[in-house]
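Undergrad: Now for the letters of each chain:
2 protein chains.
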Amino acid sequence: MTLSKRIPILLLRLLALGAAVSATVVMFTSHDSAEVFNMKFEAKYTNSPTFKYFILMNAIASVYTLILIFFPSKSSYGHFILVSDLIMALLLDSSISACVAIGDVGKNGNSHAGWLPICGQVPKFCDHVRGALIAGFVAAVAYFIILLYSLHNVMNLFALNT
Amino acid sequence: MTLSKRIPILLLRLLALGAAVSATVVMFTSHDSAEVFNMKFEAKYTNSPTFKYFILMNAIASVYTLILIFFPSKSSYGHFILVSDLIMALLLDSSISACVAIGDVGKNGNSHAGWLPICGQVPKFCDHVRGALIAGFVAAVAYFIILLYSLHNVMNLFALNT
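Each protein sequence line maps, in turn, to chains B and A.
Per the numbering used here, the first sequence starts with residue 960, numbered consecutively.
Per the numbering used here, the second sequence starts with residue 960, numbered consecutively.
Treat the hints as calculated values from the structure; they're not laboratory data.
It cannot be assumed that every hint is accurate.
Intra- or inter-copy, both count: the list cannot distinguish identical chains.
As the list claims (entries may be wrong) - Only pairs whose alpha carbons sit at most 30 Å apart, straight line, appear in this in silico DSBU-like list of lysine-lysine:
hint: 1; residue 1: Lys1083; residue 2: Lys999
hint: 2; residue 1: Lys1066; residue 2: Lys1083
hint: 3; residue 1: Lys999; residue 2: Lys964
hint: 4; residue 1: Lys964; residue 2: Lys1083
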């Protein structure tokens, strides 16, 4: 791959790295507490397996992206990197979707199931989750564009060579 | 693409079609009701935006797959189909992840947020959701393998031509 084709990928990976690290840190530090009927109610990421999954996936994305930025990119690894980028995009997509679903119940509740919204009691926690979701979304979009760009390059090279 | 390379993709698309249609139908027909404290409680897919999203995505996947099975595959559309397969895999992945997150709250509840599990009251509904999730998962895996196989073919052709 020529240098002019590597620079956009590098920039996208830097964006993904910043976003995934932010998502991990913001979700990890999300914390708020409230007193309801004299019972102290503490909201933090460990309260839900979905938030733990979100942190794990964004931490994996951060480490993976960091390694790839410093990885000496050999074209012989192209196939492997394309597949691992695809897996990374799917994992980020999955973690955000799961968190949005739980975040929606936290914000709006679900009257049919009798689940009350909690964001009124712990607004700081919900703000953090929202911030983390936005950062995670940016990382996922960066990976989606990396995939599109890589596919485009591969297909164009293929078209040129046939 | 030669016929021998097209057959595995066709078989995977048939699998994805069957799975996505099953997921749509099973989720759409999920229904159960219970009486709690003389209040009738009805569980169906319309109770949650996540379940509606799941049905929409699986219906889109069904129609998309059906079109591609009958689509006269010209290699000039290869790039476009690879990208739309990628988007389909991401959408299916997203809909399953969101549903698993909500399904987990439905099954186990979340004591921190005060959300009680509902599967004890409406077991038939939860069984349907579980079945739909398994079918949706099969469709998503089929699309993941289609992507891997297409990428493998593209990269191999590229390697042969350089």
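Undergrad: Now tell me if each hint is right for this structure.
TA: These are the hints, each one checked on the structure:
1. Lys1083 / Lys999: within (16 Å within a copy, 36 Å between copies)
2. Lys1066 / Lys1083: Both: 12 Å inside a copy, 27 Å across copies.
3. Lys999 / Lys964: neither (55 Å within a copy, 61 Å between copies)
4. Lys964 / Lys1083: neither (42 Å within a copy, 54 Å between copies)
Comparing the model with each numbered hint stated earlier shows that hints 3 and 4 do not hold.
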